[in-house]
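Line by line, the protein sequences are chains A and B.
Numbered as in full-length UniProt numbering, the first sequence ends at 101 without a single skipped number.
Numbered as in full-length UniProt numbering, the second sequence ends at 589 without a single skipped number.
Worth flagging that the hints you see were computed from the coordinates, not collected in a lab.
Do not rely on the hints blindly, as some may be mistaken.
[Said to hold, decoys possible] In the SDA-like style, the derived pairs of lysine to any residue whose C-alpha atoms are separated by at most 25 angstroms in a straight line are:
1. Lys-479(B) x Asp-42(A)
2. Lys-479(B) x Asp-92(A)
3. Lys-479(B) x Asp-18(A)
4. Lys-183(B) x Asp-18(A)
5. Lys-479(B) x Phe-88(A)
6. Lys-479(B) x Asp-39(A)
7. Lys-479(B) x Arg-29(A)
8. Lys-210(B) x Ala-165(B)
9. Lys-479(B) x Ala-37(A)
10. Lys-479(B) x Leu-27(A)
11. Lys-479(B) x Arg-93(A)
12. Lys-479(B) x Pro-561(B)
13. Lys-479(B) x Ala-95(A)
[Stated by the list, open to error] Label pairs and their calculated CB-CB ranges:
14. His-564(B) x Gly-70(A): 15 to 25 angstroms
15. Ser-19(A) x Glu-294(B): 44 to 54 angstroms
16. Arg-93(A) x Asp-480(B): 13 to 23 angstroms
17. Glu-11(B) x Gln-49(A): 40 to 50 angstroms
18. Asp-245(B) x Arg-98(A): 46 to 56 angstroms
19. Asp-176(B) x Arg-98(A): 44 to 54 angstroms
Beta carbons are placed, not taken as given, at the ideal position from N, Cα and C, and that holds for glycine.
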Amino acid sequence: MTTRLRVLDDGAWISVDDSREVRVSELWRLDAPGFCACDLVDLVVENFQEVGVDGAGVEARVYGQCIACGATGTTGWVPIGRVRGGEFTEIDRSAVRRVGP
Amino acid sequence: MPTDVENWKSEAYGNEVRDRLFEFAEEGYESIPDDERDAWFERFKWWGLYHQRNGQEGYFMMRIGTPNGVLEPGQLRTVGEIADEYARGPGTNPVFGDAYADFTTRQSIQLHWIELSDVPAIFEKLEENGLSTQQACGDSWRNIVGNPVAGKDGQEVIDAWPVIAELNETFKGNDDHANLPRKWKVSVTGSADGSGQGDINDLAFEPAYKTVGGAGDGDETEDVVGFNVRVGGGLARNEPRLARDIDVWVPPERVSDVAGGLSALFRDNGDREDRYNARVKFLVDEWGADEVRETLQEEYVDFELETAGRDVREEYSYNAGEGERNDLIGVHGQKDGTNFVGLNVLVGRMGAADVLNLADLAEEYGSGEVRLSQRQNVIVTDVPDDAIDEFLDEPLLDHYSPSPSPFMRGSVACTGTEFCSLSIVETKNRQVRFARWLKANVDLPDDVDEFHIHLSGCTASCAQPQIADVSLRGMKTRKDGDPVEALDVGLGGGLGEDPQFARWVTQRVPVDEVPGAIANLVESFAAERDEDESFRAFVAGHDDDELDAFVDPEETDYEDPMMHNTKRTWYPYAENDSMEDAPSTPADD
Ligand code: HEM
Ligand code: SF4
Ligand SMILES: [Zn+2]
């Protein structure tokens, strides 16, 4: 069965199979050297731009701001969770997320 | 590739959604098929229903569109009764209680905690009383805004109310204009004060004179009043734009043709593949005003467009930062010799009991009519001179004052984390706390009696932060290592003849340091301003670094009980506020 993934309400949240799973306003730690000069980006998630899959992993590109240095922009693909047996599990919020291109 | 939203809209949208909405209401929330929820919630917006944020599953915000903010006699009572009966949910707001109505920055009304099963009964009651939620949200003609006292205002150049009423009649429920690429916000203003705030709308009609005639043998010419047209304003997403002058003047009887032409132009040419690029402001960026005009002329109207007429922008005072009538608060003369009385509704929210009380007073002292402004305030119209004193003595007006403190009067706030999915921070209650603290602790220079502070919970800018003296926008920061709610601070925005967006000078101020920052800013303003200089002019005279230094965040005796991530709660003010304690979806009854 395929998983339905969507960005809805102007980027406010990510829907997985018509259920609201991931939302803006969280602080995420990113290992994303391209985003800003900080060792780890301390990102306020303001808007989801796109959501996609990589195997069982679900990832998203997000617009936000690094609150350590003030840089703003859209990230590469950030892991947000996994789908197992049709169930979505969000990545632990305190995890450091390694960002793909 | 068209977006999911476009696909859903092409399957079903607009008027036809109503029958399914009623069926779902009848059969219960759970009857919406699991794999169609996203689609239906998107479509429900067209009927003014917006699903509240997560943690509040199954509860809806309901928006009632009141064209130009006009509530005819009796309609405010209807709103109060509906709020009282239906806008009650599992969460109680510590400032506003259990049932309330929000007056919005686009002259509409929002109710919260609405259950799907109640929708048919609410619609029936609204419609019996001439009110509607149709197109209050969604990708279509939204509530039309303007000078709320159109038709009554002593300062009026032309009565815009018949024009607004005609547009509303023509474009509400009109299948040709029901499915646009994105929202379509229209403003029509007939007064010389700029109170329709046309500059920040997708389409604006502003009063202008045009000399006509003179071409024939008798060279009689005549100055006719009509409207100049601007297109492509809007504030959202860090991409604020002022509406652009497309060099067109229209007489009142042609407004509907030109508005319909532009709406069709947007329908056919707006970006349906990327919702972030869909607003007409981006199309105007891409095409330029000239091409918009040419395309309108060639493809969307069947008469020769006039070039722009002589506008009255130099008289614009509304939200202009200085001069008379920055807002419509207080007692003002009407054309017919009676008065309108603007009352301050702090952050636009009024408890249902107060709404009903106000409806009584409007009937007792005026005609029963009430109007809403774009500064989230309410205006009681048609009050005769000899009733004014007694009206002003009414106890309700202690709370909703016609002569409030500048900090109360200037406060505007959006919905925020209480209900909104996009929000980053708590807003309305916070702005109430800010206003009370500022009123008690900060003195403006004696000659300054207006000071606008607008708080938006995110960059969507529903509180119109970019056009305030002090703009506050939701952010996060760390304080002693812990994440806390924060605000970006912008300064010097406003409308008027030469509108200007605020400059964001100070970033990520922890919320508990914001009142101190504003106090320090006001102190520097008072000390450093040139004689009589307005705040907006003062800001214009300094660079960003100087202004950043004036802002100077500081802890004070202001305490903020909502520093934590209020979005992670199911309701910020609940005693057990964690998501695990969220109420289940409302049972069907
Ligand atoms: C559930 C609460 C709300 C949600 C989810 C919401 C959503 C949004 C979104 C997504 C935008 C961005 C618009 C865009 O890019 O086209 C926006 C802008 C705006 N909304 Fe809201 N809104 C809410 C409440 C309000 C309220 C209370 C008002 C007053 C009627 C309002 C009026 C506006 C205005 C004036 C803008 C300004 C920006 C513009 O026109 O570009 N919204 N809102
Ligand atoms: S500005 Fe943002 S937080 Fe405030 S109501 Fe609009 S969308 Fe929600
Ligand atoms: Zn950084």
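Hint check:
no., hint, result
1, Lys-479(B) x Asp-42(A), "13 angstroms, holds"
2, Lys-479(B) x Asp-92(A), "22 angstroms, holds"
3, Lys-479(B) x Asp-18(A), "36 angstroms, violated"
4, Lys-183(B) x Asp-18(A), "23 angstroms, holds"
5, Lys-479(B) x Phe-88(A), "32 angstroms, violated"
6, Lys-479(B) x Asp-39(A), "19 angstroms, holds"
7, Lys-479(B) x Arg-29(A), "16 angstroms, holds"
8, Lys-210(B) x Ala-165(B), "23 angstroms, holds"
9, Lys-479(B) x Ala-37(A), "21 angstroms, holds"
10, Lys-479(B) x Leu-27(A), "13 angstroms, holds"
11, Lys-479(B) x Arg-93(A), "19 angstroms, holds"
12, Lys-479(B) x Pro-561(B), "15 angstroms, holds"
13, Lys-479(B) x Ala-95(A), "20 angstroms, holds"
14, His-564(B) x Gly-70(A): 15 to 25 angstroms, "22 angstroms, holds"
15, Ser-19(A) x Glu-294(B): 44 to 54 angstroms, "47 angstroms, holds"
16, Arg-93(A) x Asp-480(B): 13 to 23 angstroms, "20 angstroms, holds"
17, Glu-11(B) x Gln-49(A): 40 to 50 angstroms, "25 angstroms, violated"
18, Asp-245(B) x Arg-98(A): 46 to 56 angstroms, "49 angstroms, holds"
19, Asp-176(B) x Arg-98(A): 44 to 54 angstroms, "50 angstroms, holds"
The earlier numbered hints that this structure contradicts are 3, 5 and 17.
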